[in-house]
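> With chain A fixed as given, assemble chain B onto it according to the hints.
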Amino acid sequence: MLILALANLTHRKVRSALSVLAVAIAIMLLLVLVGLSNGTLDEISQRMQSVQAEIVVRDQHFDLASMSGGKLWEKEIPRLQQLQIQGQPAVHTVIPVFLARMKLAGLSQNVFGIHPNHFATFAGQRRLLQGHLFADLDSPRHAAQQLTSQIDDQSSTNAPPPLDLPLIIDQRLANAAQLHVGDRIAYGNSDAHIVGVIETGVAGRVFAPINRLRASSGIIAPTAHMFFVKAQPTLSNDQLGQLCETIEAATHRSATLVANYHQELADKFRGLTTFMTLVSVIALAICFLFILVTMYTMVLERQKEIAILQSLGAGPANILAQTLQEATLICTFGAALGVLLSFLVRHIIQTFQPLMTVELRLSWTLGAVLIALVGGAVSALYPAYLALRHDPVETLNFE
Amino acid sequence: MTQPLLQAKSIAKTFSQGRLDVPVLFDIDLALQPGEFVAIMGPSGCGKSTLMHILGLMLSPTAGQLWIDGRDVSNIKANGRARLRRKKIGFVFQRFNLLPTVTARQNICVAERIRGHEIDGQIDRILDDVEMTHKAHHKPGQLSIGEQQRIAVARAVVHRPAILMADEPTGNLDSHNAQHVLDLFRQINRDYGITVLMITHSPSAAQAADRILHMTDGRINPDIP
Numbered sequence: 001m002l003i004l005a006l007a008n009l010t011h012r013k014v015r016s017a018l019s020v021l022a023v024a025i026a027i028m029l030l031l032v033l034v035g036l037s038n039g040t041l042d043e044i045s046q047r048m049q050s051v052q053a054e055i056v057v058r059d060q061h062f063d064l065a066s067m068s069g070g071k072l073w074e075k076e077i078p079r080l081q082q083l084q085i086q087g088q089p090a091v092h093t094v095i096p097v098f099l100a101r102m103k104l105a106g107l108s109q110n111v112f113g114i115h116p117n118h119f120a121t122f123a124g125q126r127r128l129l130q131g132h133l134f135a136d137l138d139s140p141r142h143a144a145q146q147l148t149s150q151i152d153d154q155s156s157t158n159a160p161p162p163l164d165l166p167l168i169i170d171q172r173l174a175n176a177a178q179l180h181v182g183d184r185i186a187y188g189n190s191d192a193h194i195v196g197v198i199e200t201g202v203a204g205r206v207f208a209p210i211n212r213l214r215a216s217s218g219i220i221a222p223t224a225h226m227f228f229v230k231a232q233p234t235l236s237n238d239q240l241g242q243l244c245e246t247i248e249a250a251t252h253r254s255a256t257l258v259a260n261y262h263q264e265l266a267d268k269f270r271g272l273t274t275f276m277t278l279v280s281v282i283a284l285a286i287c288f289l290f291i292l293v294t295m296y297t298m299v300l301e302r303q304k305e306i307a308i309l310q311s312l313g314a315g316p317a318n319i320l321a322q323t324l325q326e327a328t329l330i331c332t333f334g335a336a337l338g339v340l341l342s343f344l345v346r347h348i349i350q351t352f353q354p355l356m357t358v359e360l361r362l363s364w365t366l367g368a369v370l371i372a373l374v375g376g377a378v379s380a381l382y383p384a385y386l387a388l389r390h391d392p393v394e395t396l397n398f399e
Numbered sequence: 001m002t003q004p005l006l007q008a009k010s011i012a013k014t015f016s017q018g019r020l021d022v023p024v025l026f027d028i029d030l031a032l033q034p035g036e037f038v039a040i041m042g043p044s045g046c047g048k049s050t051l052m053h054i055l056g057l058m059l060s061p062t063a064g065q066l067w068i069d070g071r072d073v074s075n076i077k078a079n080g081r082a083r084l085r086r087k088k089i090g091f092v093f094q095r096f097n098l099l100p101t102v103t104a105r106q107n108i109c110v111a112e113r114i115r116g117h118e119i120d121g122q123i124d125r126i127l128d129d130v131e132m133t134h135k136a137h138h139k140p141g142q143l144s145i146g147e148q149q150r151i152a153v154a155r156a157v158v159h160r161p162a163i164l165m166a167d168e169p170t171g172n173l174d175s176h177n178a179q180h181v182l183d184l185f186r187q188i189n190r191d192y193g194i195t196v197l198m199i200t201h202s203p204s205a206a207q208a209a210d211r212i213l214h215m216t217d218g219r220i221n222p223d224i225p
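Chains as they are written, first to last, in this note's numbering: chain A, 1 to 399; chain B, 1 to 225.
Pulled out of the complex, with its shape left as it was, chain A reads as follows (with noise of 0.2 Å):
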């Protein structure tokens, strides 16, 4: 019954071939959407699950979607690694990072003010590319004061403006920024510059010496946004928790595992992914409807051919069998384009938008063909109940 079917689909080409274009449509937008908000999500917390410390503080009223808010003191660090867990020291380092915004490749990129002597921290196992490591000045004042007799150098003398902060880039961006090490770029009022390239994946996609970075932005107070804390290796999982416990308790700070990163994330942006959920899920709705719109006109003019079929001992199974396999048919091409589409648009979305990640799981993939399918089926439902309503008698004796 396969042939009938594909004859079936072949003999009205058009209006099979849109439909397989509304299945696709519908296949596409589900993965790309699914594909771009938990892509973005698995991508930047697995930057930040980089960083080879276990736990992150900020303030109560840090922004987690902005990564503004609230601040830090560095003077809180040495509280902090005072730290105990059942009578032991539990903190082995604290990082304070000073968070900052600048505009690269199109999209707004936080630079992480580290101090230099961090970096390793921060890069673990990935290399520096190009370029080297950027020195800081000794205090976010000092900082300032350089900043500012630099300006009033250059206002005095009209000499170019001074290459006061030093950046390293990862080489995701570096590419789809097109930058290179030396390059000079604006950062506010003031000009900044690329001098180290790194491999991709670590937790900023721009790092910058944190006293400049601070000053740069105007502030002159040894402030931070968050504090990574690398604890003594010795402490289990258990205690890890009991640490950020502690944190709180001490600091009336906010304390999290890394660990936990992506599914802090996810609660945070769970509006947004609900939302691209639902439009997908209307997309789908509608291409099913569009499928059950196909499936009831293709059974009103088939009528007669389900006679024959009945004549020839076609029994309500076979029926109901015939309308399934075609709309199975149309659902199968549909979500087969369906995720060539998806590939295709993720490839047009990395070349244009190359920050972006539109992440394609092979799971992800055969649930949407499932998906597909089983809608197909169920869309094909009520018109193959209607062609068993059809008195094949009176079909045939109609002509």
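Hints listed in this document are in silico derivations from the structure and should not be mistaken for laboratory results.
Just so it is clear, the structure is predicted and the values come from calculations on it, not from any experiment.
Treat the hints loosely; a few may be bogus.
Claimed, not checked - Example chain A residues on the side facing chain B (calculated, C-beta under 7 Å, incomplete): (1) I3; (2) L4; (3) A7; (4) H11; (5) E305; (6) S311; (7) G313; (8) A314; (9) G315; (10) V393.
As the list claims (entries may be wrong) - The calculated label-pair distances, taken between Cβ atoms and stated as ranges, are: (11) E301(A) - D21(B): 29 to 37 Å; (12) A12(B) - T10(A): 43 to 51 Å; (13) R389(A) - K87(B): 23 to 31 Å; (14) T10(A) - D21(B): 39 to 47 Å; (15) T216(B) - P316(A): 34 to 42 Å; (16) S204(B) - V374(A): 31 to 39 Å; (17) E301(A) - D183(B): 34 to 42 Å; (18) L18(A) - T216(B): 25 to 33 Å; (19) K9(B) - P316(A): 26 to 34 Å; (20) L300(A) - S204(B): 36 to 44 Å; (21) D217(B) - Y382(A): 16 to 24 Å; (22) V374(A) - G193(B): 45 to 53 Å.
As the list claims (entries may be wrong) - Distance condition first, Cα-Cα at most 25 Å in a straight line; then the derived DSS-like pairs of lysine-lysine: (23) K304(A) - K139(B); (24) K304(A) - K135(B); (25) K304(A) - K77(B); (26) K230(A) - K75(A); (27) K13(A) - K139(B).
C-beta: ideal position from N, C-alpha, C; glycine also.
Frame of chain A; chain B shown alone:
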């Protein structure tokens, strides 16, 4: 005496059109012996097609009983009727009723698939029997009306049914093609031993049968030999 292949007793059929009941068949008694070639003749509207649809299990009678191979099939459900049609009955219609989207050969294949049979050499043999091998891969629209009817006959008998039911099989054909189809029916009846029940209003077509029954006003008229 051999058991009739098909036996109808007191068959009646009334169609309801809104509040109006339209009786079409009255008290039909009929028996077909295995291997018979029977024609039912009658004017248009006398109920002969309705009778064929009831005997072919496409339609349920309002009253009466029907046996096929000794089994009472008067009250079996849609699935059971479909199963019996698949196994025991082949239909040929006045307008051929081939599936237009597939080729001549595929029309026969689809029928065999519905019957749950494997596609094998039987299809090529039947195409050869109806002299249509050379047009096996043509779609119905590319065939003449005579060729279409031969394919319809091949499709109806490829599984060697017990009964071939033909409703005005020559009604749309010119005399040459009509004769060809009637010859085919005789050959099928003789060579395959298939019982043939043919509905026709053509006296010359009816002459091909061993026995002719006359219908008028929904009844079989026993007075006409």
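> Taking the hints in turn, state whether each one holds.
Going down the list of hints, with the structure as the test:
With a least beta-carbon distance of about 5 Å to chain B, the hint placing I3(A) at the interface is held under the 7 Å criterion. Below 7 Å, beta-carbon pairs count as interface contacts, and L4(A) has one with chain B at about 5 Å; its hint therefore holds. A cut of 7 Å between beta carbons decides the hint on A7(A): the least distance to chain B is about 4 Å, and the hint holds. Among the interface hints, the one on H11(A) holds; its C-beta lies about 4 Å from the nearest C-beta in chain B, closer than the 7 Å criterion.
Nearest Cβ of chain B to the Cβ of E305(A): about 6 Å, under the 7 Å cut. The hint holds. Taking 7 Å as the C-beta contact cut-off toward chain B, the hint placing S311(A) at the interface holds, the least distance being around 5 Å. Interface restraint check: G313(A) against chain B, minimum CB-CB distance 3 Å, threshold 7 Å, status holds. The beta carbon of A314(A) is positioned within 7 Å of a beta carbon in chain B (closest approach about 5 Å), and the interface hint is therefore held.
Restraint check, G315(A) versus chain B: the minimum CB separation of about 3 Å is within 7 Å; hint holds. Annotation: V393(A) was flagged as interfacial toward chain B, and the flag holds, the nearest CB pair being 5 Å apart, inside 7 Å. Checking the proposed 29 to 37 Å range against E301(A) and D21(B) shows it holds: the Cβ atoms sit about 32 Å from each other. For A12(B) and T10(A), the Cβ-Cβ distance of about 46 Å falls inside the hinted range of 43 to 51 Å, so the restraint holds.
Look at R389(A) against K87(B): about 25 Å separates their beta carbons, and that is inside 23 to 31 Å. Between T10(A) and D21(B) the beta carbons are some 45 Å apart, a value that agrees with the proposed interval 39 to 47 Å. Evaluation of the 34 to 42 Å hint for T216(B) and P316(A) yields a pass: the beta carbon distance comes to about 36 Å. Against the hinted window of 31 to 39 Å, the Cβ-Cβ separation of S204(B) and V374(A) comes to about 57 Å, which falls outside the hint.
Hint check: E301(A) to D183(B), Cβ distance near 36 Å, so the stated range 34 to 42 Å holds. One distance hint, 25 to 33 Å for the beta-carbon pair L18(A) and T216(B), is violated here, with the actual separation near 53 Å. Checked against the hint of 26 to 34 Å, the C-beta distance between K9(B) and P316(A) comes to roughly 28 Å, which is consistent with it. Separation of L300(A) from S204(B) is about 40 Å and conforms to the stated range, judged on CB atoms against 36 to 44 Å.
Range check, D217(B) to Y382(A): Cβ separation about 42 Å, and the 16 to 24 Å hint is violated. The supplied range of 45 to 53 Å is met by V374(A) and G193(B), whose beta-carbon atoms lie about 48 Å from each other. At most 25 Å may separate the alpha-carbon atoms for a hinted pair to count; K304(A) and K139(B) meet this at roughly 17 Å. As the CA atoms of K304(A) and K135(B) are separated by approximately 24 Å, the hinted pair is consistent with the 25 Å bound.
Annotation: proposed proximity of K304(A) to K77(B) holds, straight-line Cα distance about 22 Å (limit 25 Å). Of the pairs offered as hints, the one joining K230(A) and K75(A) holds, with about 17 Å between alpha carbons and a cut-off of 25 Å not exceeded. Restraint check for K13(A) and K139(B): the C-alpha separation of about 17 Å stays at or below 25 Å, so the hint holds.
In summary, the numbered hints that this structure violates are 16, 18 and 21.
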